[in-house]
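There are 2 protein chains.
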Amino acid sequence: MDIRDAIKRCPLFAGVTNDDLDHLLRISKARESTKGELLFSDGEVAAGFFIVGTGKVKVFKLSPDGKERILHIVHPGGTFAEAAIFGSGTYPAYAQPLEASQLIFFPKREFLDLLRSDSQLAINMIAGLSRFLRQFANQIEELTFKDVPARLARYLLDLAGDEAKQVELPISKSQLASKLGTVSETLSRTFRKLTDDDLIVVRGKVIELLDRDRLEDLTFSFKE
Amino acid sequence: MDIRDAIKRCPLFAGVTNDDLDHLLRISKARESTKGELLFSDGEVAAGFFIVGTGKVKVFKLSPDGKERILHIVHPGGTFAEAAIFGSGTYPAYAQPLEASQLIFFPKREFLDLLRSDSQLAINMIAGLSRFLRQFANQIEELTFKDVPARLARYLLDLAGDEAKQVELPISKSQLASKLGTVSETLSRTFRKLTDDDLIVVRGKVIELLDRDRLEDLTFSFKE
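From first to last, the protein sequence lines stand for chains A and B.
full-length UniProt numbering numbers the first residue of the first sequence as 1 and each following residue consecutively.
full-length UniProt numbering numbers the first residue of the second sequence as 1 and each following residue consecutively.
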């Protein structure tokens with residue numbers, strides 16, 4: 001494992017420079033862990049946070065009857081417990097490697113001291129984090145949009161029955177949006193997309209179905 | 001518009017304290033903008049970034065032939081151009097309010113100076129951003145998972161044809177995962193879910209369909 005590479009792959013450190021990396025390396029500790037080793041427990045005082053270099057780590061809670069609920073599985077390039085060092089100061093869950101893993105540990109005190117003394121590192125971290133946040137927000141928007149064309153196509157075909165080439169929406173567009181599990185803005189975007197693709201023509205509440213076969217295909221488009 | 005509230009609603013400032021807010025308020029400038037006013041242009045030197053208090057703002061690029069491509073529409077509580085003040089120093093797009101909007105402007109120099117002089121503010125921003133990033137990552141995982149049960153149900157029913165109560169997968173589970181647009185881990189989780197819901201029984205590559213009607217329902221589950 002190249003510790004430098006592992007740190008650079010984390011969203012948390014996406015914005016740091018090579019100099020920043022040198023400072024981070026100085027306070028980090030490489031740690032080999034074995035499968036099933038308990039890295040920390042729910043409620044334990046947070047000593048620091050981890051990056052996974054190789055292997056994978058399970059972060060989980062235990063229910064009162066001892067049943068495990070996995071919160072996430074952290075893969076190489078992922079961090080865990082970073083929230084704990086900023087917040088209340090205790091770990092909110094358990095962590096256990098699912099296989100022998102190479103970890104990088106950042107002790108809380110040293111890490112916060114570094115951020116305090118090196119404001120450019122902190123600014124670079126904020127820059128990288130805000131870029132990632134933007135990217136994740138776009139991804140969520142795309143994912144949320146992705147299936148709306150298929151749902152709208154299904155809805156229109158169901159409304160049309162076996163033969164009709166034209167349907168009249170029996171509900172308002174905002175009701176339709178909520179029926180399809182989306183918002184009005186995304187529904188409008190979807191009507192526009194189907195129109196641009198020559199699948200439908202929209203005249204107020206009357207929708208003409210130009211190509212039932214391709215609308216049918218669209219409802220299964222996830223299979224491609 | 002309560003500027004304080006608007007700032008607090010931004011993911012960028014999710015982690016800041018009331019004291020931090022006082023400092024941020026001191027350097028921020030309230031700005032009324034009219035519909036269609038050009039807030040900044042692609043390539044212009046970045047003077048600072050914005051929070052939308054009320055209204056909405058379109059951030060867009062122009063293609064060589066002058067066609068607009070909207071990158072995002074920013075709603076109240078959203079920021080824009082924050083990446084520009086950390087990065088190259090120029091705005092990467094155009095911004096224009098879609099309606100009269102109340103904005104909060106943070107001048108670049110003052111904002112970076114504040115982060116440099118107030119390391120706790122920077123640390124609190126990192127804390128809030130990393131919490132949001134975790135939350136967005138979970139949301140992406142959920143969204144990615146959401147439709148896999150419907151896709152798997154559709155695939156199994158198609159494979160079974162009109163009658164069969166049992167199918168044998170003609171491809172490996174990792175090939176199936178990629179066919180369904182997901183990864184092996186999520187596919188396993190989905191097989192487990194359908195099994196827990198008494199819809200199927202999995203014996204290696206042989207899948208018994210326990211309840212075709214409910215599997216059929218599942219393929220349209222988005223409509224509920």
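Treat the hints as calculated values from the structure; they're not laboratory data.
Where hints are given, some of them may not hold.
Claimed, not checked - Facing chain B, from chain A, some residues (calculated, C-beta under 8 Å):
1) T34
2) L112
3) S130
Glycine included, C-beta positions come from ideal geometry on N, C-alpha and C.
With 8 Å as the cut and Cβ atoms as the points, is A:L112 at the interface with chain B? This hint holds: A:L112 lies near chain B, its Cβ roughly 7 Å from the closest one there, short of 8 Å.
With 8 Å as the cut and Cβ atoms as the points, is A:T34 at the interface with chain B? The hint is violated - A:T34 has no Cβ within 8 Å of chain B, the shortest such distance being about 22 Å.
Using the nearest Cβ pair, does A:S130 come within less than 8 Å of chain B? Since chain B brings a Cβ to about 5 Å from A:S130, closer than 8 Å, the hint holds.
Against the hints set out earlier in the document, a violation occurs for number 1 only.
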